[in-house]
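Visitor: The residues making up each chain are set out below.
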Amino acid sequence: MYELLKSVMAEVLLLDVDEVRPDASREDAGLDSLAVVELSMVLSQHHGIEITDDELLELETVAEIVALMEQRKRPAAA
Amino acid sequence: MTGATGSADRAVLCGLGYFLPDRVVTNTQLCERLDVSEDWIEGRTGISRRRWVEPGEATSDLAVEAGRAALKSAGSGLVDAVVLATTTPDYRCPATAPDVAARLGLSGVAAFDVSAVCTGFVYGLATAAGFIAAGFAERVLLIAAEAFSTLLDPDDRTTQPIFGDGAGAVVLRRGRADEPGAIGPLVLGSDGDRSELITVKAGGSRLPFRVPAPDDGSQYFQMRGREVFRQSVERMSAAAAEALEAAGWQLSDVDRVVTHQANARVSAALATRLGLRRDAVTQNIADVGNTAAASIPVLLAQAASNGTLEPGHRVLLAAFGGGLTWGATTLTWPELEVHDT
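Sequences listed follow chains A and B, in order. Residues 0 to 77 (numbering that gives the first Met the number 0) make up the first sequence, in order. Residues 0 to 340 (numbering that gives the first Met the number 0) make up the second sequence, in order.
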């Protein structure tokens, strides 16, 4: 999921991800208030992961975003 | 939607001009009061500088200059109607278009304003095309002019750096659908359920100006940025796809894409969403900011003037604005004489 996030950041958001580490802050990774909107749209449309931009803005690190992506990716409890 | 290509019931672009006020406002000039850095502004908007009117300089002053340039480009000062798309009319009443028409020596012709915020130019194209198709006019002068800086809260970092002032204008004449410059099928839409996203609340009938004026920012332009970003990308990409389909064009047919210059980040997201070729995306936002309704005709005029737009190019136009409103259309670029101002 970390690799998915990095690939979306690099290929869709056109961010430089070479220096991004899991403990990087969201802002330092380039995920500002507009980038989280685009990330939210792309995760929903292309990867079936529903996370609102409000939720993304509350997360402080890349690792926290990855954790929420993993949680939301899980199919609904059977 | 090919229509009868032989019948002369279409609007054809035959004149183009623009005008920007003299006063250049750089990011450096805005930083201190807004307590942000130049990088903060540039990174979030892609804007380096914008033009603002001087105190006392009004929308009509910009509109007259752009209109004059478009009439000169068209080679004739005669039109049957003047349509002005603006968010910032000179007065609450009357409309600004009759004054502009009179100052262009066109007193007596039909003249009125169109209000669709940043989609105003595309709505104006539909209005002008309708006048021509219905037989009400042979030639229409469509101007989009904004003194948007007059709406801005001087302490609002989310709006103050984004907007610029300016005017662009086109002359449309009666012609055939298969001519270069013929305006293609128009896609227009609105979503009033989201009217709250982009507002200037005070001064209308719901919240008339009182003395003292309300102190809650309601007299200023207000925008819910993140939701506007999302809506603008989704609505413009959908409208653009619909306009292409209606025109019978593939995305790969498009040589130049001219979208409302809302924010460089919106344009980048839109290009990614639509899968546009980099060289097709036409931009000027770094130097003029978001000039609202004027953004598309100003960009068309600058691009035609500097050779980015060439005769024969297949051009896609798309806009999004308050209302919400959105619109898109297509045209093949005609031979035009555009004078740089």
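If you're looking for bench data, these hints aren't it; they were derived computationally from the structure. Heads up, some of the hints might be wrong.
What the hints assert, rightly or not - Reference excerpt, derived from the structure (chain B facing chain A, CB under 7 Å, subset only):
no.: 1; residue: Q230
no.: 2; residue: R264
no.: 3; residue: A268
no.: 4; residue: R277
Stated by the list, open to error - From chain B, some residues computed to sit far from chain A (all C-beta separations above 12 Å):
no.: 5; residue: D89
no.: 6; residue: G191
no.: 7; residue: A201
no.: 8; residue: G224
no.: 9; residue: E244
Said to hold, decoys possible - A short, non-exhaustive set of chain B residues, derived as facing chain A with CB atoms under 7 Å:
no.: 10; residue: R225
no.: 11; residue: F228
no.: 12; residue: R229
no.: 13; residue: T271
Positions of the beta carbon are idealized from the N, C-alpha and C atoms, including for glycine.
Visitor: A separate judgement is required for each hint: does it hold in the structure or not?
Guide: Hint by hint, here is what the structure shows:
1. Because the closest C-beta pair between Q230 (chain B) and chain A is about 10 Å apart, greater than 7 Å, the hint is violated.
2. Hint status for R264 (chain B): holds, given a least beta-carbon distance of 5 Å to chain A, under 7 Å.
3. With its C-beta approaching chain A no nearer than about 5 Å, A268 (chain B) sits inside the 7 Å limit, and its interface hint holds.
4. The closest approach between the C-beta of R277 (chain B) and any C-beta of chain A is roughly 11 Å, which is over the 7 Å cut-off, so the hint fails.
5. The beta carbon of D89 (chain B) sits about 33 Å from the closest Cβ of chain A, which is more than 12 Å, so the claim that it is off the interface holds.
6. A cut-off of 12 Å between C-beta atoms confirms that G191 (chain B) is not in contact with chain A; the least separation is 22 Å.
7. At roughly 26 Å from the closest C-beta of chain A, the C-beta of A201 (chain B) stays outside 12 Å, upholding its exclusion from the interface.
8. The claim that G224 (chain B) lies off the interface is violated: its Cβ sits roughly 7 Å from the closest Cβ of chain A, which falls inside the 12 Å cut-off.
9. E244 (chain B), annotated as away from the interface, keeps every beta carbon of chain A farther than 12 Å; the closest lies near 20 Å.
10. Taking 7 Å as the C-beta contact cut-off toward chain A, the hint placing R225 (chain B) at the interface holds, the least distance being around 5 Å.
11. Evaluation of the F228 (chain B) hint against chain A yields a held restraint, the C-beta minimum of about 5 Å falling below 7 Å.
12. Taken as an interface hint, R229 (chain B) checks out: its beta carbon lies about 5 Å from the nearest beta carbon of chain A, inside 7 Å.
13. Taken as an interface hint, T271 (chain B) checks out: its beta carbon lies about 6 Å from the nearest beta carbon of chain A, inside 7 Å.
Consistency note: the structure conflicts with the earlier hints numbered 1, 4, 8.
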